[in-house]
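K.L.:
So the sequence shown is numbered by our numbering: it starts at 1 and just counts up by one.
Be a bit skeptical, because a hint or two may be false.
What the hints assert, rightly or not - In silico DSS-like cross-links for lysine-lysine, where the CA-CA straight-line distance does not exceed 30 Å: (1) K392 / K372; (2) K54 / K119; (3) K321 / K400; (4) K172 / K119; (5) K64 / K119; (6) K326 / K372; (7) K326 / K400; (8) K355 / K326; (9) K214 / K321; (10) K64 / K172; (11) K54 / K172; (12) K327 / K217; (13) K443 / K392; (14) K64 / K54; (15) K66 / K54; (16) K214 / K326; (17) K355 / K321; (18) K214 / K400; (19) K156 / K54; (20) K392 / K448; (21) K156 / K172.
Unchecked claim - So the derived label-pair ranges between C-beta atoms look like this: (22) N404 / T254: 31 to 37 Å; (23) Q344 / D223: 43 to 49 Å; (24) F96 / L240: 42 to 48 Å; (25) C110 / R243: 55 to 61 Å; (26) N215 / L240: 21 to 27 Å; (27) P208 / D78: 37 to 43 Å.
Bear in mind the hints are in silico, worked out from the structure with no lab data behind them.
Every residue, glycine too, gets a C-beta built ideally from N, C-alpha and C.
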Amino acid sequence: LSRITTDLTEIGELTFKGPNDVIICSITMLGTIVILIWMNPVLASFIVLLLVAKTVHTVYINRKMKQRFRANRVLYGDVSAQVTEDLNGIRLIKAFALEEQEARRFAEKCAAYIAGRRKSTRLVAYFSGSVAFFSNLINVVMMGVGGWMIATDRLKISDFVAFLLYVNLFMKPLLRLTVFAEMYQRGMAGFSRFYEIMQLEPEIQDAPDAIDCKNVKGEIAFDHVDFSYGNGIVLRNLTLTIRPGEKVAFVGETGAGKTTIASLLLRFYEPQQGRILLDGRDIREYTQQSLRRVIGLVQQDVFLFSDSVNYNIAYGDTSVKSEEIKKAAALAAADEFIERLPEQYDTCIGERGVKLSGGQKQRIAIARAFLKNPPVLVLDEATSSLDTATEKLVQESLEKLSANRTTITIAHRLSTIVNADRIFVLQNGIVAETGTHEQLMHKNGIYKKLYELSEK
Numbered sequence: 001l002s003r004i005t006t007d008l009t010e011i012g013e014l015t016f017k018g019p020n021d022v023i024i025c026s027i028t029m030l031g032t033i034v035i036l037i038w039m040n041p042v043l044a045s046f047i048v049l050l051l052v053a054k055t056v057h058t059v060y061i062n063r064k065m066k067q068r069f070r071a072n073r074v075l076y077g078d079v080s081a082q083v084t085e086d087l088n089g090i091r092l093i094k095a096f097a098l099e100e101q102e103a104r105r106f107a108e109k110c111a112a113y114i115a116g117r118r119k120s121t122r123l124v125a126y127f128s129g130s131v132a133f134f135s136n137l138i139n140v141v142m143m144g145v146g147g148w149m150i151a152t153d154r155l156k157i158s159d160f161v162a163f164l165l166y167v168n169l170f171m172k173p174l175l176r177l178t179v180f181a182e183m184y185q186r187g188m189a190g191f192s193r194f195y196e197i198m199q200l201e202p203e204i205q206d207a208p209d210a211i212d213c214k215n216v217k218g219e220i221a222f223d224h225v226d227f228s229y230g231n232g233i234v235l236r237n238l239t240l241t242i243r244p245g246e247k248v249a250f251v252g253e254t255g256a257g258k259t260t261i262a263s264l265l266l267r268f269y270e271p272q273q274g275r276i277l278l279d280g281r282d283i284r285e286y287t288q289q290s291l292r293r294v295i296g297l298v299q300q301d302v303f304l305f306s307d308s309v310n311y312n313i314a315y316g317d318t319s320v321k322s323e324e325i326k327k328a329a330a331l332a333a334a335d336e337f338i339e340r341l342p343e344q345y346d347t348c349i350g351e352r353g354v355k356l357s358g359g360q361k362q363r364i365a366i367a368r369a370f371l372k373n374p375p376v377l378v379l380d381e382a383t384s385s386l387d388t389a390t391e392k393l394v395q396e397s398l399e400k401l402s403a404n405r406t407t408i409t410i411a412h413r414l415s416t417i418v419n420a421d422r423i424f425v426l427q428n429g430i431v432a433e434t435g436t437h438e439q440l441m442h443k444n445g446i447y448k449k450l451y452e453l454s455e456k
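Starting from the given sequences, assemble the full structure and let the hints guide the process.
P.N.:
See the structure below:
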């Protein structure tokens, strides 16, 4: 997060102040050095030689400063990440009584950052001192060479005084440029980290000739699909077809690949082998945005923005009317609690919906799906974290939502999918059993064991 926030602060200062200083100082120095060469080429040649030596030294120091400032940005990012992590996990930290341990971890990262800042401060101080030394060295050399030239009648005192005045005029912009050099390295150290983020290309991209996904009926087919996370095989040669308007469920033990199926359908991942078809066309032939617009997703972990209820229900659709939002909320059984909020639909619900309960957040997500009205619906463990009473309310809303549309339900609580048209039981990456709830219970197989365990 620090890469796109604090890392850009100093590049902002650089772009605001830097260009003017560079242009003005460069013109002043160039004009002054031309005048110095015209006034006395011998004395000017000493300045040029010293300037070349200082330039080489400055390039070397600047590389060191860039490395040091970049390391500082990384250390600052570690501190920022630690603060965010501790604040998000404050309840867990308190529950395990590990406040002192986390405080020590934070202190260690702060100490590392402070040590890094000390190193960079010493480097900047050395650089500033070298600039002052260079300035004094020029004056000493000018006095020595100029005095010798005056003593040998090669230079008039009046010309030498005028030359020194121009030397002083030359040194002022040079000193300003050294300040800019430090600012430049600070700014570029942060910008380079930001630029790395901007250069990242999405692993999954649209095909050059991808088309929009329109007029979807909702037939979904997995055709010999293989998928694995690293060396762990999740799906093997998965082949199945879901008819338009059919309500199906995927069940299985943890790690069986249930959520992976939803992620593959939404193209969050790509299968290593095989195809996924929507209405007979490979989903890779559609643009990702248009594909995801026709698929509604309701997850267990609902994400809500720190904004109004209206904004969260209508997320992404600025043209929707308030009447449509209220209708969607009513269908999701969310209207009752929304109307009890201080400002009803205009109530700000806080970061990640902190002002709402789990069931209320879930119903906001369902209302969002009602408003989207997609032809395909994916319910990814949408009720697994709710209590029994809240689950019943949410389940009723989900049944309304799934009417007349292709619905894929991923469930741990098997009581929520007993009315599914078909249930697919996943085991070891394949469909081990399939059928209705009654059919699978009569088989006395994997599904029955899972169901009995879930009901205990």
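K.L.:
Confirm or reject each hint.
P.N.:
Each hint, compared with the structure:
no., hint, result
1, K392 / K372, "holds (23 Å)"
2, K54 / K119, "holds (22 Å)"
3, K321 / K400, "holds (21 Å)"
4, K172 / K119, "holds (28 Å)"
5, K64 / K119, "holds (11 Å)"
6, K326 / K372, "holds (13 Å)"
7, K326 / K400, "holds (16 Å)"
8, K355 / K326, "holds (20 Å)"
9, K214 / K321, "holds (23 Å)"
10, K64 / K172, "holds (25 Å)"
11, K54 / K172, "holds (15 Å)"
12, K327 / K217, "holds (24 Å)"
13, K443 / K392, "holds (28 Å)"
14, K64 / K54, "holds (15 Å)"
15, K66 / K54, "holds (18 Å)"
16, K214 / K326, "holds (27 Å)"
17, K355 / K321, "holds (24 Å)"
18, K214 / K400, "holds (24 Å)"
19, K156 / K54, "holds (29 Å)"
20, K392 / K448, "holds (22 Å)"
21, K156 / K172, "holds (25 Å)"
22, N404 / T254: 31 to 37 Å, "holds (32 Å)"
23, Q344 / D223: 43 to 49 Å, "holds (48 Å)"
24, F96 / L240: 42 to 48 Å, "holds (44 Å)"
25, C110 / R243: 55 to 61 Å, "holds (59 Å)"
26, N215 / L240: 21 to 27 Å, "holds (23 Å)"
27, P208 / D78: 37 to 43 Å, "holds (40 Å)"
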